[in-house]
Amino acid sequence: MKKILGLIVIAMMVSLYINEPVAVAEERQLQEEIVYQIMVDRFNNGDYENDNTSDVDNPHAYHGGDIEGIILKLDALQEIGVSTISLSPLMDNAENGYHGYLIEDFYNMEEQFGTIDDLNQLIEEAHARGMKVVMEFVTSYVARSNPIVTDAAKEDWFIEHNQTGPEWLTNVATFNLENPEVEQYIIDVAEFWISETNLDGFKLHAVDQAPVQFLADLTSHMKEIKPDFYLLGDILETDENSGQILDNTEIQAIENITLSQTMRDVFSEPDKPVSEIYEAWQESNKEQDILFLDDMSTERFTQTFSENGRNAVTTWTLALTYMYTTPGVPMLYQGSEIPMYGKTPEEVQMLVQFNSGEPELKEFYDRISALRSQFPALQYGDFEMVGSSGAMSVFKRTYEDETLFIAINNDSESQYIRLSDIEPGMELRGYLGDNLVREEDNGEYRIGIPRESVEVYKLQSYSGFNWGLIGLAGGIMAVFIFGIIYLSRKQKKRES
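Under full-length UniProt numbering, the first residue of the sequence shown is numbered 1, with each subsequent residue one higher.
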């Protein structure tokens, strides 16, 4: 009887929590992805035998991160909802080229990171978890120590160009990407990595530095080879030319630096209106934006807002809710889930501190990513701001017959917004705070949430009392009581 009773209760409880399976990697589109950006040398050391020149005390040297270290952390990344990992460049690099951008040999892996076989093992492990793997591909320049730079027959392959940015850029030679021979060379390199690995895409480095025609030729060729290959764009200096690149190439999404800075500015301090981000979004590439808050070359977002006295869990909750529920492809920089701090490049590029962290924040990563995956409207839906009050805004996303409202309150006070364009007889069910908004007597719906908080609502028909759930709970209780009475009587019979 005890076993039967236990099985009944377990079956009932399990039925309440069965979720729809997440789409397998092959079936997903780019808009469905949550990208996690990895700087391979500074992520996790999984194989100490390849640490030939590692020196963790030297910020300009290799620190030991490798492909094996990434494999060991795939489960942890899956737990926070990551669906695609984007790796820093993996080609053979010059001394101290830990970041991957000082390429000496396009056709070999950097031995500090592992081998091409190791990379394919990572891809296989990622695919087994429904995750995709993208690699950053540098097309604009090579290390001055690369043999092709001193090849007299290739003198016209390079141009004088004063690169601005990190100090290591002084050690690069810039390709003349308008030279047909250079273009073919880069295309051949791309073909090699596509044919020798099972990579799911490239993140093209510094697309703002390359001629649009070169990008068009390169990306169309890659799509001919592998039509479902992801093509993302990285920005080195300015995103002013992003629209032209997206319109004339096969690149599917580009980092939006302007929108990134606006998000950082708004969420770094309380009482800054969330509507400012919407205004910046209206001038953006919409669903073709890569949304990010920091990367290897910026001050960490956590560092910025912590200097203003903001709580880490609270602030990341606000920012992640915006990134994960609005148009575009969210991209996290490694360590954001901890969250890590860092002001200087040396601090920002430290190995990820996996032995620390905020459990509450990691739990929210899981919840908000699951919500994004559950509702297509959060990936593909139309997007509009339907109300603002103080530093709070409410956004609406609609896809086919699905409508969601996203409330983000960056105010230091509770705020509410009334919506009047919702049809009668409906209700808004909250999925983050379990809130419920029902129609008022005047036909309006009042969305109110506490200070520095968020909620995502689904529009649905008025449900009244949830008799199904009440009945289920009552049934479980009745079975439980019946079991207690039965066992009690059985015990009394034994005693008599």
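Among the clues, some could well be false.
[As the list claims (entries may be wrong)] In silico DSS-like links for lysine-lysine, alpha-carbon gap of 27 Å or less:
hint, residue 1, residue 2
1, Lys286, Lys272
2, Lys272, Lys226
3, Lys343, Lys73
4, Lys272, Lys154
5, Lys343, Lys362
6, Lys286, Lys73
7, Lys286, Lys223
8, Lys362, Lys458
9, Lys272, Lys343
10, Lys458, Lys73
In short, the hints are calculated from the structure, not lab data.
Treat the numbers as computed from the prediction; the structure is a model and nothing was measured.
Restraint status (C-alpha distance of Lys362 to Lys458 at most 27 Å): Since the Cα atoms of Lys362 and Lys458 sit roughly 24 Å apart, the hinted pair holds (cutoff 27 Å).
Agreement of Lys458 and Lys73 with the hint, judged by alpha carbon distance not exceeding 27 Å: Cα-Cα ~34 Å, so violated.
Satisfaction of hint between Lys73 and Lys343, Cα-Cα up to 27 Å: Within the cut-off at roughly 25 Å; holds.
Satisfaction of hint between Lys223 and Lys286, Cα-Cα up to 27 Å: holds, 23 Å
Given hint Lys73 paired with Lys286 - CA-CA distance at most 27 Å: violated, 32 Å
Distance restraint between Lys272 and Lys154, which requires alpha-carbon spacing of 27 Å or less: violated, 54 Å
Pair hint Lys286 and Lys272, alpha-carbon separation not exceeding 27 Å: holds, 22 Å
Hinted pair Lys272 and Lys226, Cα distance within 27 Å: violated, 44 Å
Pairwise hint evaluation, Lys343 against Lys272, where the allowed Cα distance is 27 Å at most: Holds - the C-alpha atoms of Lys343 and Lys272 are around 23 Å apart, at most 27 Å.
Restraint check for Lys343 with Lys362, where alpha carbons must lie at most 27 Å apart: holds, 22 Å
Checked against the numbered hints given earlier, this structure breaks hints 2, 4, 6 and 10; the rest are met.
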